[in-house]
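K.L.:
What follows is the residue order along each chain.
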Amino acid sequence: MKPKVKFSVALLYLSPVIIFYSFIFVLPLILVFLQSFGLYSLGSTKPPKFTLEYYLKFFDLKGPYLESLWFSFWNSALATVIISIISFFLAIFFYFVNFKGKSFISATYKIPLFIPYLISAFAWWNLLSPGGYVQRLLAAARIVNPNMLLVNDPNGIGIIVANVWMNFPYMVLLIIGTLKMIDPTLIEASRTLGSTFWKSVFKIVLPLSMPGFLAGSILSFIGMFGAFSVAFILGASWPQYMSISIYNDVTQFSQYGMASVQSVVYMISAILITYLYTKIIAKIQGERK
Amino acid sequence: MSTILIQNLKKYYGKVLASSIKELEIKDGEFFTLLGPSGCGKTTTLRMLAGLISPDEGRILIDDKDITNFPPEKRNLTMVFQNFALFPHMNVFDNVAFGLRMRHMPEREIQIRVKEMLKMLRIEELSDRRIEQISGGQQQRVGVARAIAPHPSVVLFDEPLSNLDAKLREEVRYELKELQKKVNITAVYVTHDQAEAMTLSDRIAIMQSGIIIQIGNPKEVYFTPVNAFVASFVGGTNFIEGEIEKEISQDRVLFRSIDGLLIEARKGMVSNYDSKVLLVRPEAVELKKANENGIKGTIESKLYLGGSLEYRIRIGKNSTLKTFASSVNDVGDVNSNVTVFIKDAVVIKS
Amino acid sequence: MKRISISIVSVAMVLIIFFPVFVIFEWAFSTIWYGTSLFPTQLGFRSFIQVIQAGLGKSLILSFTIAPLVVLFSALISIPAAYIIGTKDIKSKKLIENLFLIPLIVPPIVSGIGILSIYTQLGLIGNYMAIVLVHMIGATPYMFRSVEASFESIDPSIEEAARVLGATRLRTILRIYLPLVTPGLLSGSVFAFSWSLNEFLLTLLLGLPNIVTLPVFLYRYVGGYYISPGPASAISVFLIVPSLFIVYLMEKYIKSEYVAGAGIKG
Chain A
1 MKPKVKFSVA LLYLSPVIIF YSFIFVLPLI LVFLQSFGLY SLGSTKPPKF TLEYYLKFFD
61 LKGPYLESLW FSFWNSALAT VIISIISFFL AIFFYFVNFK GKSFISATYK IPLFIPYLIS
121 AFAWWNLLSP GGYVQRLLAA ARIVNPNMLL VNDPNGIGII VANVWMNFPY MVLLIIGTLK
181 MIDPTLIEAS RTLGSTFWKS VFKIVLPLSM PGFLAGSILS FIGMFGAFSV AFILGASWPQ
241 YMSISIYNDV TQFSQYGMAS VQSVVYMISA ILITYLYTKI IAKIQGERK
Chain B
290 MSTILIQNLK KYYGKVLASS IKELEIKDGE FFTLLGPSGC GKTTTLRMLA GLISPDEGRI
350 LIDDKDITNF PPEKRNLTMV FQNFALFPHM NVFDNVAFGL RMRHMPEREI QIRVKEMLKM
410 LRIEELSDRR IEQISGGQQQ RVGVARAIAP HPSVVLFDEP LSNLDAKLRE EVRYELKELQ
470 KKVNITAVYV THDQAEAMTL SDRIAIMQSG IIIQIGNPKE VYFTPVNAFV ASFVGGTNFI
530 EGEIEKEISQ DRVLFRSIDG LLIEARKGMV SNYDSKVLLV RPEAVELKKA NENGIKGTIE
590 SKLYLGGSLE YRIRIGKNST LKTFASSVND VGDVNSNVTV FIKDAVVIKS
Chain C
640 MKRISISIVS VAMVLIIFFP VFVIFEWAFS TIWYGTSLFP TQLGFRSFIQ VIQAGLGKSL
700 ILSFTIAPLV VLFSALISIP AAYIIGTKDI KSKKLIENLF LIPLIVPPIV SGIGILSIYT
760 QLGLIGNYMA IVLVHMIGAT PYMFRSVEAS FESIDPSIEE AARVLGATRL RTILRIYLPL
820 VTPGLLSGSV FAFSWSLNEF LLTLLLGLPN IVTLPVFLYR YVGGYYISPG PASAISVFLI
880 VPSLFIVYLM EKYIKSEYVA GAGIKG
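Protein chains in written order, with the working numbering: chain A, 1 to 289; chain B, 290 to 639; chain C, 640 to 905.
Keep in mind the hints are simulated off the structure, nothing from the lab.
Since this is a predicted model, take the numbers as computed values, not measurements.
Any given hint could turn out to be false.
Stated by the list, open to error - Computed cross-link-like contacts, BS3-like style, restricted to lysine-lysine with a CA-CA straight-line distance of at most 25 Å:
| # | chain 1 | residue 1 | chain 2 | residue 2 |
| --- | --- | --- | --- | --- |
| 1 | A | K283 | C | K732 |
| 2 | C | K730 | A | K283 |
| 3 | A | K279 | C | K732 |
| 4 | A | K203 | B | K404 |
| 5 | A | K102 | B | K304 |
| 6 | B | K304 | A | K100 |
| 7 | A | K2 | C | K732 |
| 8 | C | K730 | A | K6 |
| 9 | C | K891 | A | K100 |
| 10 | C | K641 | A | K199 |
| 11 | B | K363 | A | K203 |
| 12 | C | K733 | A | K6 |
| 13 | A | K4 | C | K641 |
Bound conformation, chain A alone:
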């Protein structure tokens, strides 16, 4: 039994972390929040004055900002779904099948984890831009129209491809972790009751590994949602990921007001999505009980 400790005592041990994050994280966020209401100047010389103009501009349905937020969301969500499906099958493959050279393949699929995002993004820019190998292959196989843009395109195809490539190893590892927690005799029981291997996977393994896997995939999704480098290299000038939009507003257009409103909404969206996600998972698990 772990001894009970009062929160006030724990505070002492938590203080280094708390102090650190207060200055380097919480304080900046507060400033951004204030600037979004005009109450603080991040960079301009404008005197602080409360205003809602930035927010109004953001939520303008004809404006670019909501579209940008939506693009960030659906593009990363789609990538997450693709990653999940691929990773699930790969995880099953690695967990249940033994073959010669497994060690090599096992190491190989982890390589993207060790390659910095910027480089991965750049590599896929290379492959998918007009004249790149993958673009040529797909065009030759008539899977895509030779004139269709795969990078810097309005659908964010390049972004999705690069994101999938960079993130699927993490998901595979995550799912294998959840597979390890499933009692192997359950699958044996299922097979002796007449279910083939794949039926057992979908009826037994998948439902049991789902909660753990969903809980872990949220970080992956949010990471892509708020990411910068991939969208920077592979994104088009429109639509933009919100991170790019904010960056440009700060570095190019000195629009600190809009930058901070976007930031606030961006941050709240991320937190809200995470919260809802976890609540839904808890509900699914609750329903099982």
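Knowing the structure of chain A, use the given hints to seat chains B and C on it.
P.N.:
Chains B and C only, in chain A's frame:
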């Protein structure tokens, strides 16, 4: 119900022969037990029957059909697991229905069959419960119901009672036997518990180091074990060294102990070439007061066990016999003399 | 059937993983490559020489000295927190654990522009230690979760035994716990190191013109309107080669399934 035939079945783990069975036939409707200590190969053999492990050599036939290369789901045999292996994300009903759903039975028939199974195992009221809500004993029954529901030709049992506490084990043991007879399914049962094996089985195969040492019904195995290992595994033992003096009849001999005592015994399963020893079960030793006509013995030690007493009686320079008596029938103290009657003995391989 | 699918998956895997890597190597070693041709016309070391002359060495040193510092400092602040949360029963434990995830959920640009303002006013733009601090924002949660998982798994009676034998809390942490949480520290360090090496946006915003880490150095050739694949690939090669080495080494000696798993709470 089905017959099983195993031929030349072998499984190696690395260089070690985990299981090797030359020829084994299990009859229709039989309750057949593989009994032995851990590591003897009984579970390996069972899992090969199930199709969960592939043998390195040999064949398995069920009803004369060679199923050696069939995956588990095509063999029409089911298994009851030691840890129950119930699906935690389904309730009791769905667990029991699983095998039926895999066979695409119409839902209405499934309802009937599952209810029938739950009733037979006396767990009808648990139908909607989740697995974590029911006790170990109840989980066991669900496991059995699930295994029987799909009308398998054979049910395999992998030490199903080991995870239950002792008292529960005894209760369930009895019910399992009744159930098997009622449903008339061929059962192959694996255990290391001799009491389970003895009470449940039509025949027992005792295994050691991957091979079957002896097959027989419980009485045969108990009264006429082939060697000392089998004898010790299924019951208490006293071994007296010596040789067969002469044969009295076709199955009875006169045994001369190393100390010169002549004891009449059953011949057992020994041949002339085996080194032999006499087995006398503790319950076959009767003690009376010293002045009777019989083997003279001295009480070497006496242990008080509550309701019974355990005596060690010395009957010769190199021979002692262990026996029990109820506390109210105390024949004497240590170092006192007694008369020993050997009511039954059998010659076995040493 | 099974064997065919295994082969297909294995081959596809190798192709998919190595294709991007291959194309980078191709560009890195090419000196002339026309847009229309499939392969470079001429190979050479020109791109490498170009980036080395442009300051690749300095960037390498910066990246590989900042990262260990990030690991060190995030470990220093994480260990006490991980100790108290992992070994004791505290009411708001779940809440605190979730709070640690927030730096990973909030998009970096959001805190980035706030920090930009603060650093500008404090004159910390381009400051080495200031960048280390910024890298720690994302590295610390991973370090914390990893180490905390390790602390959680330790039998609480070990601490009781140590205390009863006269050890102070500090001594207990140093001499008893630290050796025992080494797996968590190791795996957390891998994540933290990788995070720091990877960190691009905040370093770009706050590090210029002094702190040009590898990603920022790379950005010079891929950012903006014009992408120079040659030099960019040369820089990438410098990072990919040690990474490949580490990956295959790790697979041989450490089961990296455990490394990744340790950072994830069930």
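K.L.:
Each hint: holds or not?
P.N.:
Here is what the structure says about each hint:
no.: 1; hint: A:K283 / C:K732; verdict: 21 Å, holds
no.: 2; hint: C:K730 / A:K283; verdict: 23 Å, holds
no.: 3; hint: A:K279 / C:K732; verdict: 18 Å, holds
no.: 4; hint: A:K203 / B:K404; verdict: 22 Å, holds
no.: 5; hint: A:K102 / B:K304; verdict: 23 Å, holds
no.: 6; hint: B:K304 / A:K100; verdict: 20 Å, holds
no.: 7; hint: A:K2 / C:K732; verdict: 12 Å, holds
no.: 8; hint: C:K730 / A:K6; verdict: 8 Å, holds
no.: 9; hint: C:K891 / A:K100; verdict: 15 Å, holds
no.: 10; hint: C:K641 / A:K199; verdict: 16 Å, holds
no.: 11; hint: B:K363 / A:K203; verdict: 18 Å, holds
no.: 12; hint: C:K733 / A:K6; verdict: 15 Å, holds
no.: 13; hint: A:K4 / C:K641; verdict: 54 Å, violated
The structure fails hint 13 only (numbered hints given earlier).
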